[in-house]
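Peer 1: Residue numbers (this note's numbering), protein chains in the order written: chain B, 1 to 113; chain Z, 1 to 112.
Worth flagging that the hints you see were computed from the coordinates, not collected in a lab.
In this text the structure is predicted, and so the values were computed from the model without any measurement.
Hints may contain errors.
Simulated pairs of lysine-lysine, DSS-like, Cα-Cα distance not exceeding 30 Å [claimed, not checked]:
#, chain 1, residue 1, chain 2, residue 2
1, Z, K72, Z, K99
2, Z, K57, Z, K99
3, B, K83, B, K71
4, Z, K72, B, K57
5, B, K57, B, K22
6, Z, K99, Z, K56
7, B, K70, Z, K56
8, Z, K68, Z, K56
9, Z, K99, B, K22
10, B, K57, Z, K68
11, Z, K72, B, K41
12, B, K9, Z, K99
Calculated from the model, a selection of chain B residues having no Cβ within reach of chain Z, i.e. all distances over 10 Å [to be verified]:
#, residue
13, E15
14, T20
15, K22
16, N26
17, T31
18, L43
19, Q56
20, D65
21, S67
22, A81
23, V112
Don't be surprised by glycine CBs; every beta carbon is placed ideally from N, CA and C.
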Amino acid sequence: GGIITQTPKFLIGQEGQKLTLKCQQNFNHDTMYWYRQDSGKGLRLIYYSITENDLQKGDLSEGYDASREKKSSFSLTVTSAQKNEMAVFLCASTRDRASYEQYFGPGTRLTVL
Amino acid sequence: QQQVRQSPQSLTVWEGETAILNCSYEDSTFNYFPWYQQFPGEGPALLISISSVSDKKEDGRFTIFFNKREKKLSLHITDSQPGDSATYFCAAIYTGNYKYVFGAGTRLKVIA
Numbered sequence: 001g002g003i004i005t006q007t008p009k010f011l012i013g014q015e016g017q018k019l020t021l022k023c024q025q026n027f028n029h030d031t032m033y034w035y036r037q038d039s040g041k042g043l044r045l046i047y048y049s050i051t052e053n054d055l056q057k058g059d060l061s062e063g064y065d066a067s068r069e070k071k072s073s074f075s076l077t078v079t080s081a082q083k084n085e086m087a088v089f090l091c092a093s094t095r096d097r098a099s100y101e102q103y104f105g106p107g108t109r110l111t112v113l
Numbered sequence: 001q002q003q004v005r006q007s008p009q010s011l012t013v014w015e016g017e018t019a020i021l022n023c024s025y026e027d028s029t030f031n032y033f034p035w036y037q038q039f040p041g042e043g044p045a046l047l048i049s050i051s052s053v054s055d056k057k058e059d060g061r062f063t064i065f066f067n068k069r070e071k072k073l074s075l076h077i078t079d080s081q082p083g084d085s086a087t088y089f090c091a092a093i094y095t096g097n098y099k100y101v102f103g104a105g106t107r108l109k110v111i112a
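So here's chain Z without its partners, still in its complex pose:
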């Protein structure tokens, strides 16, 4: 079963636009949600994260919006740059057992 779902599977935006990546989850015990960025040939790297007690987390051009009631979150990348072209993974963890669950990822392409 897919506990963490991401959409769209792939996304293309123009440079300067806002890219919106969506994520939803099923298990209400998840309480921490990191987003990872992965470039080809490399391992994923933490981009930004949010805990379930917050509804928004901002870090520069990257913002997470979190809706606990609907079990949904989204990553907004404003002023998208070609260097943002990568695959983005939403993950969920219940901090009581350290077990991560990853979504299938969204492949973002930013065209100059």
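Just chain B, same shape as in the assembly:
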């Protein structure tokens, strides 16, 4: 078995602040994803990475940067936090090109004051 770890679990920031969320997986999976989950809007794809050092933009990439430093880790940066923003950011991974099952982490809950 394996696990996806997201840090921090809760993140409180100030308007305009640059904030970084981290994701680690020990599945040895190739592909990793970052999603934003807002209440009533499902999951929206921000960035994904098919393999180490690869980055692909999702539908919601504006206002975010991502970095796949190594196969096991995928970071997401909110470049300028928006006031009153509240969302859960979910990290996921899939094994390889023969498998499309996504394994999700528990999420990072962001609150911007």
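For this one, chain B is given, so just place chain Z on it according to the hints.
Peer 2: For chain Z alone, kept in the frame of chain B given last:
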């Protein structure tokens, strides 16, 4: 634009009844459709999935019915249990590019 739509937004059924959750999509290149189950405070977990070459997939109490011509699918949960109370997401993927699209989810409540 909403590429994957789910209905209803919320659903309440009695224990033992069949819950029916609906999903439709727009892009005909989608060829794989997983359903995820999410409990509060947790990430979603894969429940059951179907590829576009099949019209039905069954796993215990959970069955997906797929209509490729109408671009519609549904998840049937038979003999619903209170432990099935969760949010269910329909997703679609074109396996050529690994890009997932999720619906907004259906919040299911099963009353004992």
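Peer 1: Run the distance test for Z:K72 versus B:K57: straight-line Cα separation, threshold 30 Å.
Peer 2: holds, 27 Å
Peer 1: Check the hint pairing B:K57 with B:K22 against an upper bound of 30 Å on the C-alpha distance.
Peer 2: holds, 17 Å
Peer 1: Is the Cα-Cα distance between B:K9 and Z:K99 30 Å or less?
Peer 2: Holds: B:K9 and Z:K99 sit about 26 Å apart, inside 30 Å.
Peer 1: Please settle this one: B:T20 was flagged as non-interface, so is its CB more than 10 Å from every CB on chain Z?
Peer 2: Correct as stated: the minimum Cβ-Cβ distance to chain Z is 19 Å, above 10 Å.
Peer 1: Would the non-interface assignment of B:L43 survive a Cβ cutoff of 10 Å against chain Z?
Peer 2: For B:L43, whose nearest Cβ neighbour in chain Z is about 4 Å away, the distance does not exceed 10 Å, so it is violated.
Peer 1: Under the criterion that the straight-line Cα-Cα distance not exceed 30 Å, is the pair B:K57, Z:K68 satisfied?
Peer 2: holds, 28 Å
Peer 1: Was B:V112 rightly flagged as not at the interface, with every chain Z Cβ beyond 10 Å?
Peer 2: B:V112 is indeed farther than 10 Å from all Cβ atoms of chain Z, at 20 Å.
Peer 1: Decide, holds or violated, for the assertion that all CB atoms of chain Z are farther than 10 Å from the CB of B:A81.
Peer 2: Holds: least Cβ distance 22 Å, greater than 10 Å.
Peer 1: Given the proposed pairing of Z:K99 with B:K22, does the C-alpha separation stay at or below 30 Å?
Peer 2: Between Z:K99 and B:K22 the Cα gap is close to 21 Å, so the pair holds against 30 Å.
Peer 1: If we take the beta carbon of B:Q56, is the closest beta carbon in chain Z still more than 10 Å away?
Peer 2: Non-interface label on B:Q56 violated, nearest chain Z Cβ at 8 Å vs cutoff 10 Å.
Peer 1: Holds or violated: are the alpha carbons of B:K70 and Z:K56 at most 30 Å from each other?
Peer 2: Given pair B:K70, Z:K56 is violated - Cα atoms ~39 Å apart, limit 30 Å.
Peer 1: Would you mind confirming whether the straight-line C-alpha gap from Z:K68 to Z:K56 stays at or under 30 Å?
Peer 2: Within the cut-off at roughly 11 Å; holds.
Consistency note: the structure conflicts with the earlier hints numbered 3, 7, 17, 18 and 19.
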